[in-house]
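J.: The chain contents come next:
Protein chains: 2
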Amino acid sequence: MNPLTDRPSPALLPMGFVDLLPGEAEAEAAGIAGVMEIFARHGYERVRPPLLEYESSLLSGAGEALAEQSFRLLDPASHRMMALRPDMTTQIARMASVRLSDQPRPLRLSYSGDCVQVGTAGRETDRQVPQVGLELIGPDLPAADAEVVAVGAEALDFLGIDGISFDLSIPALVWALLEEVPAAQRVPLVNALDRRDAAAVAQHAGAQAGLFLALIQAAGKADSALEKLEQLDLPEALAGHVQRLRASIEAIGKRVPGLKLTVDPADFRGWRYHTGICMTVFSTRSREELGRGGRYLAGNEPACGLTLRPQALLRVARLPVPRPRCLVPETLPQASREALHEAGYATVSALAAPESPGGESLSEATRALARKLRCSHVWQNGKVQVL
Amino acid sequence: MNPLTDRPSPALLPMGFVDLLPGEAEAEAAGIAGVMEIFARHGYERVRPPLLEYESSLLSGAGEALAEQSFRLLDPASHRMMALRPDMTTQIARMASVRLSDQPRPLRLSYSGDCVQVGTAGRETDRQVPQVGLELIGPDLPAADAEVVAVGAEALDFLGIDGISFDLSIPALVWALLEEVPAAQRVPLVNALDRRDAAAVAQHAGAQAGLFLALIQAAGKADSALEKLEQLDLPEALAGHVQRLRASIEAIGKRVPGLKLTVDPADFRGWRYHTGICMTVFSTRSREELGRGGRYLAGNEPACGLTLRPQALLRVARLPVPRPRCLVPETLPQASREALHEAGYATVSALAAPESPGGESLSEATRALARKLRCSHVWQNGKVQVL
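Those protein sequences? They're chains A and B, same order as listed. Residue numbering for the first sequence follows the UniProt record's numbering, starting at 1 and increasing by one per position. Residue numbering for the second sequence follows the UniProt record's numbering, starting at 1 and increasing by one per position.
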């Protein structure tokens with residue numbers, strides 16, 4: 001897409017906000033509905049938190065990590081600051097720990113909605129970000145991690161997206177190791193890690209250089225990555241992360257045999273609220289992330305979630321087949337319209353129709369009108385005729 | 001609903017913003033999906049404008065009427081003010097006249113999304129307002145008005161909402177008559193009209209008092225209201241409004257025989273951008289407005305639209321039947337899960353299941369777990385068992 005030519009007036013909409021046209025909007029809605037249907041089949045129940053909340057609530061606790069991505073606005077009713085949500089996971093966590101605290105665990109929740117992010121200065125990114133996701137709140141078990149991955153993979157499969165892989169990481173492990181590095185070296189080390197620049201990592205990681213380089217080199221298929229990680233001399237408090245990673249990978253393998261799993265142990269991106277295993281979803285059809293998720297604390301409770309990005313799914317999913325359009329006279333009775341709807345047609349009324357010739361054949365004027373209104377069929381003399 | 005007791009912490013969310021819980025959120029989503037399905041059957045195609053736009057674009061032209069209901073925020077990327085949309089009709093009009101200007105007319109568009117309104121100080125109203133609507137852009141015809149009413153009525157019927165009536169009005173006529181009144185009297189007259197306070201109307205309307213009182217008194221069933229309106233001595237420029245009202249009412253009667261139609265000629269509320277016939281939708285099941293719409297200008301083009309309010313529909317619609325939940329062992333193969341989904345069950349994995357007794361009967365532990373997770377069925381020994 002060329003942003004200079006595809007948008008007639010670049011000044012019309014703020015950077016990162018777009019109009020979805022017919023076709024695009026339908027595909028997005030169908031994709032979200034499909035994902036939510038799969039979530040529902042596995043017992044996930046829909047909730048809908050509001051678009052904005054008080055800053056003090058939305059951006060506290062785990063939400064602190066979101067502060068710099070949030071637009072704020074003043075509530076004239078309370079004279080308090082509100083923030084547009086940049087992410088929904090923290091809202092679901094709040095609902096789970098307050099409104100739904102008396103519901104039995106495991107609590108399975110799903111959601112879909114728009115988030116708004118400030119974006120990065122100078123970078124053209126989406127700022128209105130639809131999300132569709134699920135959260136499994138309660139059990140801190142490998143089987144719970146596996147369920148989140150399995151249901152996410154099934155949703156992508158349902159949309160006709162193939163070549164799926166889940167890339168696993170443990171950002172909490174990386175952040176813990178970064179604590180061991182002298183404070184002055186952390187920012188350059190984080191940047192070096194982000195680029196997977198081995199030389200710069202070695203330069204800034206000091207005594208931990210061997211460990212950080214080993215994390216980078218361990219990246220790859222899940223089995224081989226696990227083997228490499230298990231040979232590392234990690235501090236005892238962190239070795240548990242690797243043990244859990246193996247248990248979760250084994251649980252995923254049992255639940256979704258054949259799913260492609262990779263591990264990128266040097267990955268530490270994303271929201272800072274994750275406490276354990278994290279996952280990023282890719283398809284071989286695209287370089288773009290299709291979603292991400294992982295383990296975090298919902299209040300004081302263990303939770304694992306996955307958020308898919310409908311805008312990314314849209315670019316690789318099988319598109320819904322538009323229903324055929326049938327031109328009908330404005331005077332067609334409702335019962336006949338309903339019969340056409342039952343048969344799968346959209347009825348398009350000719351509000352100011354040309355006179356029907358009355359015969360079996362379609363007049364040129366009718367054909368022209370049908371073509372203009374993108375109708376493939378015309379209702380005439382009590383039946384559907386192909387244009 | 002008692003706002004003091006129904007919300008555990010009133011300070012948690014800003015006034016007018018709510019969490020929808022499981023059940024509520026599902027009902028809202030199902031209602032929106034149902035309405036959009038009916039719109040699609042009649043050839044309306046979905047578009048999705050962004051949640052926010054530059055103030056200069058969103059609140060110009062017809063959008064000026066929305067300015068006082070809009071939250072504004074600064075775009076750090078462009079240093080320009082943006083506004084959260086309080087309404088979607090003006091966005092659809094913008095899309096029709098810019099991005100979709102080369103599409104043939106009539107252009108039929110549908111949309112659903114959240115709007116955010118500043119609200120009225122001291123009044124507890126929803127401020128996050130979901131909307132679902134349709135716009136018919138191009139023909140300025142009674143048949144077009146009738147199509148919008150017919151498709152809206154069908155959508156409500158599809159949701160199981162009965163006792164529907166459409167209350168028609170012509171705010172543009174009232175505003176034009178208000179221009180005839182001395183400026184100093186207009187505000188008290190508008191307030192008097194809003195209360196349908198005949199004495200106060202007579203006091204402030206001066207020479208126009210007879211006309212304004214006649215408008216109030218004409219309210220009622222469409223046929224009798226039309227007769228009364230046609231006897232009024234309206235300025236010639238305004239008499240056309242009444243002629244068009246009759247033509248539209250006749251077209252609606254042909255398209256939806258039996259639909260209850262009323263006329264309230266003194267009604268002038270709502271957005272100020274309407275130029276012709278307006279409609280407010282009610283059901284005998286509720287005093288609340290279910291939606292409203294009318295005729296306006298999309299850029300320079302005649303257009304007629306209707307916006308339904310999912311939150312109001314939700315309170316009167318037939319609720320979707322939740323799918324039965326079946327407790328399954330975590331190890332259940334995917335093929336068995338899919339068979340249960342096909343049969344209409346949601347599968348709920350017992351992540352840390354009690355040992356199965358192996359026999360035909362359900363153990364007490366299994367029963368207790370199923371009950372806890374609100375499952376009506378349990379998968380055991382290769383089949384579904386009722387709890």
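These are calculated hints, taken from the structure and not from any lab test. This structure is a prediction, so every number in the text was calculated from the model and none was measured. Incorrect hints may have been included.
The list makes no distinction among identical chains, and a pair is therefore deemed to hold if it is satisfied within one copy or across any two copies.
Simulated crosslink set (BS3-like; lysine-lysine; CA at most 30 Å straight-line) [stated by the list, open to error]: (1) LYS228 - LYS260; (2) LYS260 - LYS221; (3) LYS228 - LYS254; (4) LYS221 - LYS383; (5) LYS372 - LYS254; (6) LYS372 - LYS228; (7) LYS228 - LYS383; (8) LYS383 - LYS372; (9) LYS254 - LYS383.
J.: Each hint should be assessed against the structure and marked as holding or not.
T.: Structure-based check of each hint:
no.: 1; hint: LYS228 - LYS260; result: within (18 Å within a copy, 74 Å between copies)
no.: 2; hint: LYS260 - LYS221; result: within (8 Å within a copy, 66 Å between copies)
no.: 3; hint: LYS228 - LYS254; result: within (22 Å within a copy, 76 Å between copies)
no.: 4; hint: LYS221 - LYS383; result: neither (59 Å within a copy, 37 Å between copies)
no.: 5; hint: LYS372 - LYS254; result: between (54 Å within a copy, 26 Å between copies)
no.: 6; hint: LYS372 - LYS228; result: neither (63 Å within a copy, 42 Å between copies)
no.: 7; hint: LYS228 - LYS383; result: neither (69 Å within a copy, 43 Å between copies)
no.: 8; hint: LYS383 - LYS372; result: within (21 Å within a copy, 55 Å between copies)
no.: 9; hint: LYS254 - LYS383; result: between (54 Å within a copy, 21 Å between copies)
Violated hints for the displayed structure, listed by number in ascending order: 4, 6, 7.
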